[in-house]
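Student: So the chains spell out like this:
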Amino acid sequence: MSEDRASEKPPGWSYNPSTWKERIPLMLVALSGFCIAGYLASYQWRIVKSVWDPFFPTGSQTVLNSPISTLLPIPDAAVGALGYLADVITGVIGGTARWRTMPWIVVCFGFAVGPLGLVSLLLVILQPVKYQAWCSLCLTSAFISILMIGPAMDEVLASLQYLRHQKEKTFWRAFWGLE
Amino acid sequence: MWAHLISFAIGIWLMFAPAKLNLEHDPSTRLYILGPILAAFGLIACSEVTRGARWIVFAGGIYLLLDPWIWGDWKTDFRAAGNALICGAALAIFSLVKGDAKKRFGGGWKAIWNTQTR
Chain A
764 MSEDRASEKP PGWSYNPSTW KERIPLMLVA LSGFCIAGYL ASYQWRIVKS
814 VWDPFFPTGS QTVLNSPIST LLPIPDAAVG ALGYLADVIT GVIGGTARWR
864 TMPWIVVCFG FAVGPLGLVS LLLVILQPVK YQAWCSLCLT SAFISILMIG
914 PAMDEVLASL QYLRHQKEKT FWRAFWGLE
Chain B
2 MWAHLISFAI GIWLMFAPAK LNLEHDPSTR LYILGPILAA FGLIACSEVT
52 RGARWIVFAG GIYLLLDPWI WGDWKTDFRA AGNALICGAA LAIFSLVKGD
102 AKKRFGGGWK AIWNTQTR
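Chains as they are written, first to last, in my numbering: chain A, 764 to 942; chain B, 2 to 119.
Treat the hints as calculated values from the structure; they're not laboratory data.
Certain hints may be false.
[Claimed, not checked] Under the rule of at most 27 Å between Cα atoms (straight-line distance), these lysine-lysine pairs were calculated in the BS3-like manner: (1) K772(A) / K76(B); (2) K111(B) / K930(A); (3) K111(B) / K99(B); (4) K772(A) / K21(B); (5) K21(B) / K784(A); (6) K784(A) / K772(A); (7) K772(A) / K893(A); (8) K812(A) / K932(A); (9) K932(A) / K76(B); (10) K784(A) / K99(B); (11) K772(A) / K930(A); (12) K21(B) / K99(B); (13) K103(B) / K772(A); (14) K104(B) / K772(A); (15) K784(A) / K76(B); (16) K21(B) / K893(A).
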């Protein structure tokens, strides 16, 4: 089994980025982000009456009730929770050779992790610039989404290298993992 | 990795420096924008595979070194200017630390643009 996994290493790599050892920690981090974003969304939907914030109690209310938070049909924290859910789903699908057998899901995983992190960065900038307020749990959620970017990108890189250099199939057959 | 964690910490400091140093509106706004960006790319640069993000931190550090002269804070707001110069110098220096290279990535991101078959 360990020999099989070793042979699943991408060419020129010192490790296989699709092993569960590499992916499970990311899933756990994404789940923690989902819980935080879900809690914030439950406040925005008024399922809970108040929001917990150890550092900026009034700031959280300002940020979470701001016009930007309601730009979309659902609150922005709910969009974040869906993003984390997408991270978990796209992270869990596929085996330990998915960088080669399912490049499409690895690319989806990269899109779920990367843009989510960059959107949360934009929201962090808007908090003080537009509303002169901070929200501790929003900052924590943004930290989690950006924390995931670096560790997630190795698998994306392996898939992109595979798609670029494999010669046995057409690009699309390789992308969708077809024989 | 430690150097990029320090960059991350400096980015976090820049986010809260306007309140701690009681800075004026304009330098505060610049730090509110730059702080999260530099903290984010410092954190991203901690991973070996995305170590290239340190060059964005480097650019941010150089910008901070120039910021007091671009906006004239060196004449009017010494706290803002001093903070920008110290943080900018630290970011520029720490972002130059490449750090550990324990893992191999098959030629890295450049391999995607390389036409040679491996």
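Student: Look at each hint and say if it fits the structure.
Tutor: Here is how each hint holds up against the structure:
no.: 1; hint: K772(A) / K76(B); verdict: 57 Å, violated
no.: 2; hint: K111(B) / K930(A); verdict: 19 Å, holds
no.: 3; hint: K111(B) / K99(B); verdict: 17 Å, holds
no.: 4; hint: K772(A) / K21(B); verdict: 49 Å, violated
no.: 5; hint: K21(B) / K784(A); verdict: 41 Å, violated
no.: 6; hint: K784(A) / K772(A); verdict: 14 Å, holds
no.: 7; hint: K772(A) / K893(A); verdict: 47 Å, violated
no.: 8; hint: K812(A) / K932(A); verdict: 56 Å, violated
no.: 9; hint: K932(A) / K76(B); verdict: 64 Å, violated
no.: 10; hint: K784(A) / K99(B); verdict: 26 Å, holds
no.: 11; hint: K772(A) / K930(A); verdict: 18 Å, holds
no.: 12; hint: K21(B) / K99(B); verdict: 31 Å, violated
no.: 13; hint: K103(B) / K772(A); verdict: 16 Å, holds
no.: 14; hint: K104(B) / K772(A); verdict: 12 Å, holds
no.: 15; hint: K784(A) / K76(B); verdict: 54 Å, violated
no.: 16; hint: K21(B) / K893(A); verdict: 19 Å, holds
When each numbered hint is compared with the structure, violations occur for hints 1, 4, 5, 7, 8, 9, 12 and 15.
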